Amino acid sequence: GEEVAQTPKHLVRGEGQKAKLYCAPIKGHSYVFWYQQVLKNEFKFLISFQNENVFDETGMPKERFSAKCLPNSPCSLEIQATKLEDSAVYFCASSRIAGAYSYEQYFGPGTRLTVT
Amino acid sequence: RKEVEQDPGPFNVPEGATVAFNCTYSNSASQSFFWYRQDCRKEPKLLMSVYSSGNEDGRFTAQLNRASQYISLLIRDSKLSDSATYLCVVNPHNNDMRFGAGTRLTVKP
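Residue numbers (this note's numbering), protein chains in the order written: chain L, 802 to 917; chain R, 587 to 695.
The following block holds chain R by itself, in its conformation from the complex (with noise of 0.2 Å):
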């Protein structure tokens, strides 16, 4: 089993949908999350970190379920620039990130 895991998609949606990609882990001592986003041949950049709490940055609202080891990013009123692979990433310890495969998103007109 990955340590972290995605859903590779594609997933394929409007402008203006609300899409939702999940990640889950395997190892509850991980303290750290993070949503990080990926365009074609370029290095990732981080969209968001993801709080115990939850927490939202404009149309980007990432979760956090610690007892079901599963992170969530959820994209409102999706945009053509949103159009890219999102990364969930874990930190299970020492900061050495564990990177799922990416879930790749296009948004079309």
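For reference, chain L alone in the conformation it holds in the complex (with noise of 0.2 Å):
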């Protein structure tokens, strides 16, 4: 499609229980990139994809995160037993190519989670 679209739109979990996020890029984009914005600004990022090969996965939590692009289906993010903090919105975002001269990424309208 022309535009990053992400489901759900929002998300309630209690604590403890599984959330799954999806994200399908822009046609034609191989770059896919997970972030969480917790406070108003602060953005973190997770994890990126190169079609369906992990890229970079410096931000990703190393407990409770996975994150999976597999061919022919949205990308995914899944937090196993959800904690509070992980109330946040997560964006994803893609771009054409990646590197050190690093093209635009457009991102998705978000997630919002709230692990009550």
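These aren't lab readings, by the way, just hints derived from the structure by calculation.
These numbers come from a predicted model, not from an experiment.
Among the hints, a few may not be true.
[Stated by the list, open to error] Below are the SDA-like pairs computed for lysine to any residue, each with C-alpha atoms no more than 25 Å apart in a straight line:
hint, chain 1, residue 1, chain 2, residue 2
1, R, Lys588, L, Pro862
2, L, Lys845, R, Asn608
3, L, Lys845, R, Gln617
4, R, Lys628, L, Pro875
5, R, Lys588, L, Tyr904
6, R, Lys628, L, Tyr907
7, R, Lys631, L, Leu812
8, L, Lys884, R, Arg627
9, R, Lys628, L, Met861
10, L, Lys845, R, Thr604
11, L, Lys845, L, Leu812
12, R, Lys588, L, Leu840
13, L, Lys863, R, Arg587
14, L, Lys884, L, Gln837
15, R, Lys631, L, Asp857
16, L, Lys810, R, Lys588
[Said to hold, decoys possible] Ranges of calculated distance between the beta carbons of each label pair, as one might list FRET restraints:
hint, chain 1, residue 1, chain 2, residue 2, range
17, R, Leu666, L, Glu804, 20 to 28 Å
18, R, Lys665, L, Lys819, 22 to 30 Å
19, R, Tyr656, L, Thr808, 37 to 45 Å
20, L, Ala882, R, Lys694, 42 to 50 Å
Don't be surprised by glycine CBs; every beta carbon is placed ideally from N, CA and C.
Join the two chains into one complex using the hints; note that each chain is given alone, in its own frame.
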């Protein structure tokens, strides 16, 4: 598509429950990125993919968080056993290429996760 | 020290005013720089990339100073619709963007 699509728009989970978020990048974009925005403007990089391969996972919490990008499927970000501090807006972004001289990233509308 | 630092503001300016934002970054190897705007509860939208020679897009001018490691954004003839948070974004490597905390701008009639 012409825009990055994210589902669901809102997600509410009780502590300890699983949360799964989805992202479909712009058609033709090879790179997908996940970010977490906890406070109003504090973005944290989580993980990036080049097609179905992990490109950079240096921001990914070691426990409870996992992500996949499989062929012909939306990418997904899964949080096992959610905690209150996981409450945030999770943004997905895509770009055509990546690297030191990078191209612009285009963001999806985000998924607001509330853990109660 | 944060990797990307911005003055959080808020900047409250009247319509028609000129306003400038600065941003500093810590990684001297950074190669790509961007300004995004974010409206309340929405996704960041690319405003403009920042090129070494500086670049202009209508009322918006971006400058890069590699020696001092700062980026600026100048908005001329401010409109009410320019009210938003402006995010300075730097790519140190591998395209995992580093975001500033944002500068809040409110343009008033």
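**Message:** Can you confirm whether the C-alpha distance between Lys631 (chain R) and Asp857 (chain L) stays at or below 25 Å?
**Reply:** 23 Å, holds
**Asked** Does the Cβ pair Tyr656 (chain R), Thr808 (chain L) satisfy 37 to 45 Å?
**Response** 38 Å, holds
**Asked** Taken at face value, is the distance from the CA of Arg587 (chain R) to the CA of Lys863 (chain L) at most 25 Å?
**Response** Distance ~24 Å between Lys863 (chain L) and Arg587 (chain R) Cα, so the pair holds.
**Message:** A range of 20 to 28 Å was offered for this pair. Does it hold for the Cβ distance of Leu666 (chain R) and Glu804 (chain L)?
**Reply:** Holds, at about 26 Å.
**Prompt:** Do the alpha carbons of Lys631 (chain R) and Leu812 (chain L) lie within 25 Å of each other, as the hint requires?
**Reply:** 23 Å, holds
**Message:** Need the status of pair Lys884 (chain L), Arg627 (chain R): alpha-carbon distance at most 25 Å?
**Reply:** 22 Å, holds
**Hint consistency between Lys810 (chain L) and Lys588 (chain R) [alpha-carbon to alpha-carbon, up to 25 Å]** = Measuring from Cα to Cα gives roughly 30 Å; hence the hint is violated.
**Request:** Starting from Lys588 (chain R), check that the Cα of Tyr904 (chain L) is at most 25 Å away, please.
**Result:** 23 Å, holds
**Request:** Starting from the range 22 to 30 Å, see whether the pair Lys665 (chain R) and Lys819 (chain L) falls in it by beta-carbon distance.
**Result:** 44 Å, violated
**Message:** Hinted pair, alpha-carbon criterion (25 Å max): Lys628 (chain R), Met861 (chain L). Please report holds or violated.
**Reply:** Answer holds: Lys628 (chain R) to Met861 (chain L) is near 23 Å, not above 25 Å.
**Message:** Lys588 (chain R) and Pro862 (chain L) were given as a pair; does the straight-line alpha-carbon distance stay at or below 25 Å?
**Reply:** 20 Å, holds
**Item:** Pairwise hint evaluation, Leu840 (chain L) against Lys588 (chain R), where the allowed Cα distance is 25 Å at most
**Value:** This hinted pair holds, its Cα atoms lying about 15 Å apart.
When held up to the earlier numbered hints, the structure conflicts with 10, 16, 18 and fits the remainder.
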